[in-house]
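Student: The lines below spell out each chain.
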Amino acid sequence: MATSYGPLSVWTVIVAGGLATFAIRLSFIHLFGRVDDVPPWLERVLVYVPAAVLAALVAPDFAPAAATVEAVLSPELLGGAAAVLAAWRTEDVLWTVAAGMAGLHLARFLL
Amino acid sequence: MDSRFPPDLRDGVRDALPLLLGIVPFALVAGVAGIEAGLTPLQTVGLSVVVFAGASQLAAIDLLGRDAALGVVVLTVVVINLRMLMYSASIAPYFRDLSARVRAGCAYVLTDQAYALALARYAGDREASTRRPYYYLGVALTLWVVWQAGTVVGVVFGAAVPDGWRLGFAVPLVFLALLVPAVSDAPSLAAAVVAAAVAVIGAGLPFNAGLIVGAVVGVVTGIVVDEAGVASAGEEGGGGSDPAEGH
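In order, the protein sequence lines correspond to chains A and B.
Numbering follows my numbering, with no gaps: position 79 of the first sequence is 79.
Numbering follows my numbering, with no gaps: position 243 of the second sequence is 243.
Please keep in mind that the hints were generated in silico from the structure rather than gathered at the bench.
By construction, the Cβ of each residue, glycine as well, lies at the ideal position given by its N, Cα and C atoms.
You can take every hint at face value.
Some chain A residues flagged as far from chain B (calculated, every beta-carbon gap over 12 Å):
id : residue
1  : Thr68
2  : Val69
3  : Leu73
4  : Leu110
Facing chain A, according to a computed beta carbon distance under 10 Å, are these residues of chain B, among others:
id : residue
5  : Gln43
6  : Ile61
7  : Asp62
8  : Val73
9  : Phe175
10 : Gly222
Label pairs and their calculated CB-CB ranges:
id : chain 1 : residue 1 : chain 2 : residue 2 : range
11 : B       : Arg4      : A       : Leu110    : 55 to 63 Å
12 : A       : Pro7      : B       : Ser232    : 51 to 59 Å
13 : A       : Ser9      : B       : Val156    : 19 to 27 Å
14 : B       : Ala209    : A       : Phe109    : 33 to 41 Å
15 : A       : Ala66     : B       : Leu21     : 36 to 44 Å
16 : A       : Arg108    : B       : Asp11     : 41 to 49 Å
Can you build the whole structure from these sequences, using the hints too?
Tutor: What follows is the structure in structure tokens.
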């Protein structure tokens with residue numbers, strides 16, 4: 001799935017994303033004294049951002065195209081299941097990726 | 001030469017070393033995935049240097065590879081990195097006496113890991129501000145250097161590996177590796193499940209709106225479930241304190 005965006009578009013994303021991220025990082029470090037703390041409502045929102053965003057990002061990659069046995073037994077889904085198991089047991093990126101790739105290729109070989 | 005190294009800086013570097021086991025594969029994936037998604041080597045390394053925040057980089061690569069709307073890509077990067085607002089607020093008191101330029105430098109290299117280690121070290125003694133940033137910088141700069149080097153190696157490796165290896169699949173796997181620990185209680189589980197369902201249902205929407213709508217609805221769900229749980233049960237083993245709790 002290669003992008004069809006040209007260099008200008010890609011660099012725009014890189015620079016805009018980088019500036020915004022830097023602004024977030026600098027925010028309170030720069031303003032300390034004038035603004036001392038994250039507002040409580042924002043803090044509550046931020047607690048659930050990682051779970052919600054990561055789930056929304058990853059779900060379409062693993063959603064089966066149809067509710068058939070063939071679609072559910074896809075190498076991607078089996079690799080993903082292996083990765084979830086590894087993530088749950090180890091909470092380690094390396095083991096999770098290794099288990100997921102092994103699951104994917106094993107399933108491609110067997111199915 | 002060694003003696004001119006502030007001891008705090010050395011301590012920071014040393015404490016960062018065990019983290020590299022987790023950082024290196026992540027950085028390799030960032031490099032490989034950029035190439036797989038059709039970014040040039042320079043763009044992929046540029047992303048690591050300019051943004052320097054792993055999960056958001058992978059999200060940007062993933063979305064660019066799917067030709068998502070550019071605004072959605074940037075918005076997703078921002079949302080993923082919003083958590084660093086809390087780190088910034090929490091660590092700001094320790095950087096208060098530094099010059100604006102040094103503070104900007106400290107901010108640029110702020111990461112989950114550098115924040116967590118530095119705060120653990122600084123908490124408890126708020127004086128002695130002169131050498132304050134050395135430990136933090138020891139951790140943060142070590143991670144920065146390894147992150148950039150890992151991205152470069154990933155770029156080279158990614159360009160050499162045949163498509164049949166399906167290395168691009170490592171991107172959703174890294175998301176899973178980050179997602180599973182983030183689901184630590186009932187509200188965060190509800191947030192994840194609802195966000196996933198909405199994102200799948202909305203997958204066909206233009207501009208990848210399903211992602212943004214799913215994330216927003218998921219966060220709201222998490223808060224609602226949290227409120228309901230607090231109202232009814234009072235407490236039920238709210239154990240797993242996540243890094244999102246900085247004060």
